[in-house]
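S.K.: Could you build the full structure based on these sequences and the hints that come with them?
Chains B and W are the protein sequences, given in the same order. 39 is the number that the numbering used here gives to position 39 of the first sequence; each next residue is one higher, with no gaps. 141 is the number that the numbering used here gives to position 141 of the second sequence; each next residue is one higher, with no gaps.
Calculated directly from the structure, the hints in this document are not laboratory data. Don't be surprised by glycine CBs; every beta carbon is placed ideally from N, CA and C. A couple of the hints might just be wrong.
Reference excerpt, derived from the structure (chain W facing chain B, CB under 10 Å, subset only) [unchecked claim]:
1. P146
2. R149
3. A156
4. W172
5. A173
6. P177
7. T276
8. E278
9. V284
10. G329
11. R331
12. M340
13. S347
Listed next, the in silico DSSO-like pairs over lysine-lysine satisfying Cα-Cα at most 27 Å (straight line) [as the list claims (entries may be wrong)]:
14. K239/W x K278/B
15. K82/B x K348/W
16. K221/W x K192/W
17. K151/W x K82/B
18. K10/W x K354/W
19. K327/W x K116/B
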Amino acid sequence: MNLVPFLISGVSIGGQYALIAVGYTLVYGILRLINFAHSDVFMVAGLVMVYMTTSLPMQYALPIVVVATVALGFIIERVAYKPLRTAPRMSLMISAIGVSYLIQNLAYYLTGGLAKPVTNLIPWISDTITIFGQVTKRVTVITPILTVLIVIGLVALIKNTKIGLGMRAAARDFEAAQLMGIKINGVISFTFIVGSFLASIGAMLYFTNFPSVAIGSGGMPGLNAFVAAVFGGIGSIPGAVVGAFIIGICQELIKGLGASAFSDAFTFVLLIIILCVKPTGLFGEKTIDKV
Amino acid sequence: MLTDKQLRRKQFILVLAVCLVVLAGAIILDATLPSYHIIIKVIKKGAVYATVAVSMNLLNGFTGLFSLGQAGFMLLGAYTYAIFSIPVAQRAGVYMYYDGGIVQFSIPEFFAGIFGESFGTGFGMIVTLILAGVIAGLIALLIGLPVLRLKSDYLAIATLGFAEIVRALFQWAKLGPLTNGSNLLRAYPDFKHCTAYILITAAVVAIMFLLVNSSYGRAFKAIRDDEVAAEAMGINLAKHKRLSFVISSFFAGVGGGMLAMYMGTVQALSFKSAMTYEILLLVVIGGIGSLTGSVFTSFVYVAAVEWLLRGLDSGKFLGISAPGIFKNGFRMAIVSILIMVVVLFFSKGIFGDKELHDLVKKQPKKAKEVKKNA
Numbered sequence: 001m002n003l004v005p006f007l008i009s010g011v012s013i014g015g016q017y018a019l020i021a022v023g024y025t026l027v028y029g030i031l032r033l034i035n036f037a038h039s040d041v042f043m044v045a046g047l048v049m050v051y052m053t054t055s056l057p058m059q060y061a062l063p064i065v066v067v068a069t070v071a072l073g074f075i076i077e078r079v080a081y082k083p084l085r086t087a088p089r090m091s092l093m094i095s096a097i098g099v100s101y102l103i104q105n106l107a108y109y110l111t112g113g114l115a116k117p118v119t120n121l122i123p124w125i126s127d128t129i130t131i132f133g134q135v136t137k138r139v140t141v142i143t144p145i146l147t148v149l150i151v152i153g154l155v156a157l158i159k160n161t162k163i164g165l166g167m168r169a170a171a172r173d174f175e176a177a178q179l180m181g182i183k184i185n186g187v188i189s190f191t192f193i194v195g196s197f198l199a200s201i202g203a204m205l206y207f208t209n210f211p212s213v214a215i216g217s218g219g220m221p222g223l224n225a226f227v228a229a230v231f232g233g234i235g236s237i238p239g240a241v242v243g244a245f246i247i248g249i250c251q252e253l254i255k256g257l258g259a260s261a262f263s264d265a266f267t268f269v270l271l272i273i274i275l276c277v278k279p280t281g282l283f284g285e286k287t288i289d290k291v
Numbered sequence: 001m002l003t004d005k006q007l008r009r010k011q012f013i014l015v016l017a018v019c020l021v022v023l024a025g026a027i028i029l030d031a032t033l034p035s036y037h038i039i040i041k042v043i044k045k046g047a048v049y050a051t052v053a054v055s056m057n058l059l060n061g062f063t064g065l066f067s068l069g070q071a072g073f074m075l076l077g078a079y080t081y082a083i084f085s086i087p088v089a090q091r092a093g094v095y096m097y098y099d100g101g102i103v104q105f106s107i108p109e110f111f112a113g114i115f116g117e118s119f120g121t122g123f124g125m126i127v128t129l130i131l132a133g134v135i136a137g138l139i140a141l142l143i144g145l146p147v148l149r150l151k152s153d154y155l156a157i158a159t160l161g162f163a164e165i166v167r168a169l170f171q172w173a174k175l176g177p178l179t180n181g182s183n184l185l186r187a188y189p190d191f192k193h194c195t196a197y198i199l200i201t202a203a204v205v206a207i208m209f210l211l212v213n214s215s216y217g218r219a220f221k222a223i224r225d226d227e228v229a230a231e232a233m234g235i236n237l238a239k240h241k242r243l244s245f246v247i248s249s250f251f252a253g254v255g256g257g258m259l260a261m262y263m264g265t266v267q268a269l270s271f272k273s274a275m276t277y278e279i280l281l282l283v284v285i286g287g288i289g290s291l292t293g294s295v296f297t298s299f300v301y302v303a304a305v306e307w308l309l310r311g312l313d314s315g316k317f318l319g320i321s322a323p324g325i326f327k328n329g330f331r332m333a334i335v336s337i338l339i340m341v342v343v344l345f346f347s348k349g350i351f352g353d354k355e356l357h358d359l360v361k362k363q364p365k366k367a368k369e370v371k372k373n374a
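M.R.: Rendered as structure tokens:
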């Protein structure tokens, strides 16, 4: 059995998961919130891409996708999460689930509920190339490289800039960071902007490989990316990326072995095992409960 | 001045009166309307949602365990009900790709043979529903062993993951002789009258009410309010969490069985996480920690979505005709905006943590003492 094509596409899928997973992990690191709406932001990016690329030339369409997705992420944070800053964590999580429900229903209404075919592919990255004797699209090769570059850029941003310092401080201790004069709302908004930006890039790469975008399209990649973030240790960026590549490769290999029905179930088996054995994930920090 | 005894009697009379009015209403509707009428359908579906919402409220509202596995347990219940109640004669047709399946008996038919056609079938259906709950509860016991050690959001993801695994497993072709693979299960019996649904739901709510007001219920609430403090006060955390999880899953399984009855067909594909989200939002709107709220909101939500707001999807609503705006999906968009408004601005929900009998609380101070003494 030849597993090479599955390995190649696994690395590519892993890269796309990584771009979504970083969005989850950044938000969790600061707000301790599982942003259930993130996978829907990803789906909306896909839908906007379909609409824009069919009506506008590519050089306008793609920036519009990025701007629209970033705006959506920003608005979600301002409207649904900011008013609940002092509320219990459960309320925040419920609000996130509510937003996810709302976005899906709005998207259904606005698009008419039918899957939108991806007809107008982004040129150059969807060309066919040959690598290791396997025929594939160029996006397969570009994705992991682009992902790694973006993540290195992001880590540099967090390490070296003032806003990055704010993000690190807020992740370490939310209240102390506020007391030290960090404008916490700005930092959180910036976090959502970065997360949505990565999700929009991820969506462009992901949906180029798919025949259509539907309302539920964000669900599975979103959950997989989320598991990747937990697997790597939620709150840790390198952890999310490593976890995403591992999950992407394993899923594709399982498909290659002929058990495609279980490729998604595998993710959750892995999740439950990792949560029971090492709940903080590969690179996570340990927290201690105090009364 | 109301004494404690008088107050309790008044509360009891109020609850009894509401129950009797609802029951009488259901019986009258059954007698006057055909079983395919939209009102009957709404009551049936509302009863299903109320059952599941109440079960979720026990876990998320009273015990403070944020679990998102409800759809998975409903799926287990729905499949158990369907598998064990399809008439033997129909099995060859339903399991046409799997030689009639491996289960070759039907519990309702078995009891029909003992107690006669009409009573026996109904009794057998109830037995099958309880079996559906038992299977869901047993699986919950197993999955709870590792999963309940996790804290808040990790628990949420693990249970969400469990629901997805169950959904994938039940569509697996190798389990086809039992689950019919990714094909539909159908042709199983259903209660024709909505009164039966109301009675089942009432029984579930009554059991739940007794439970949350027992010493176990108080232990659950203590765990919700402060886990570490509850443990320090001598509450066995693992035991009580497991108990709450298993009981909640039992009733989710019963609710799943009822959903199977209501829908007429079962397919694993339809038990998505969106179903869990929908029910969680119902619990939140009704009030986390209020059984009355969960029941009330379930019926109102189902009535609104399935019946009263239909016009929003089909062009005409309240006499306003605007086919451009009132098109497919507008109804759910409006409903989800309303849900978000409640979540953001009325986070206590409609009932907060009050119940139906709290309506007769004349003197708030006095009533508080009643609770303390109880």
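S.K.: Now look at each hint and say whether the structure bears it out.
M.R.: Hint-by-hint comparison with the structure:
Given hint, P146/W at the interface with chain B, holds; its Cβ is 4 Å from that chain's nearest Cβ, closer than 10 Å. Interface hint status for R149/W: upheld, as the beta-carbon distance to the closest one in chain B is roughly 7 Å, under 10 Å. Proximity of A156/W to chain B holds as hinted, the smallest CB-CB distance being about 7 Å (cut-off 10 Å). The criterion of a C-beta within 10 Å of any C-beta in chain B is met by W172/W, whose closest approach is roughly 6 Å, and the hint holds.
Given hint, A173/W at the interface with chain B, holds; its Cβ is 8 Å from that chain's nearest Cβ, closer than 10 Å. Given the 10 Å rule on beta carbons, the hint for P177/W is violated: about 16 Å separates it from the nearest Cβ of chain B. For T276/W, the interface hint holds, the least distance from its beta-carbon to any beta-carbon of chain B being 9 Å, beneath 10 Å. For the restraint placing E278/W at the interface with chain B, the shortest Cβ-Cβ distance is roughly 7 Å, inside the 10 Å limit, so the hint holds.
Annotation: interface hint on V284/W holds; nearest CB of chain B at approximately 5 Å, less than 10 Å. The criterion of a C-beta within 10 Å of any C-beta in chain B is met by G329/W, whose closest approach is roughly 4 Å, and the hint holds. Contact between R331/W and chain B, as hinted, is supported at the beta carbon level, the nearest pair being about 9 Å apart and thus within 10 Å. Interface hint status for M340/W: upheld, as the beta-carbon distance to the closest one in chain B is roughly 5 Å, under 10 Å.
Checking S347/W against chain B by beta carbon gives a least distance of about 5 Å; that is within 10 Å, so the hint holds. Annotation: proposed proximity of K239/W to K278/B holds, straight-line Cα distance about 22 Å (limit 27 Å). Restraint check for K82/B and K348/W: satisfied, since their Cα atoms lie roughly 18 Å apart, inside the 27 Å limit. With a CA separation close to 38 Å, the supplied pair K221/W and K192/W exceeds the 27 Å bound.
For the hint linking K151/W to K82/B, the alpha-carbon distance of about 24 Å falls within 27 Å, and the restraint holds. Our distance criterion of 27 Å between C-alpha atoms is met by K10/W and K354/W, whose separation comes to about 16 Å. With a C-alpha separation of about 18 Å, the suggested pairing of K327/W with K116/B holds against the 27 Å cut-off.
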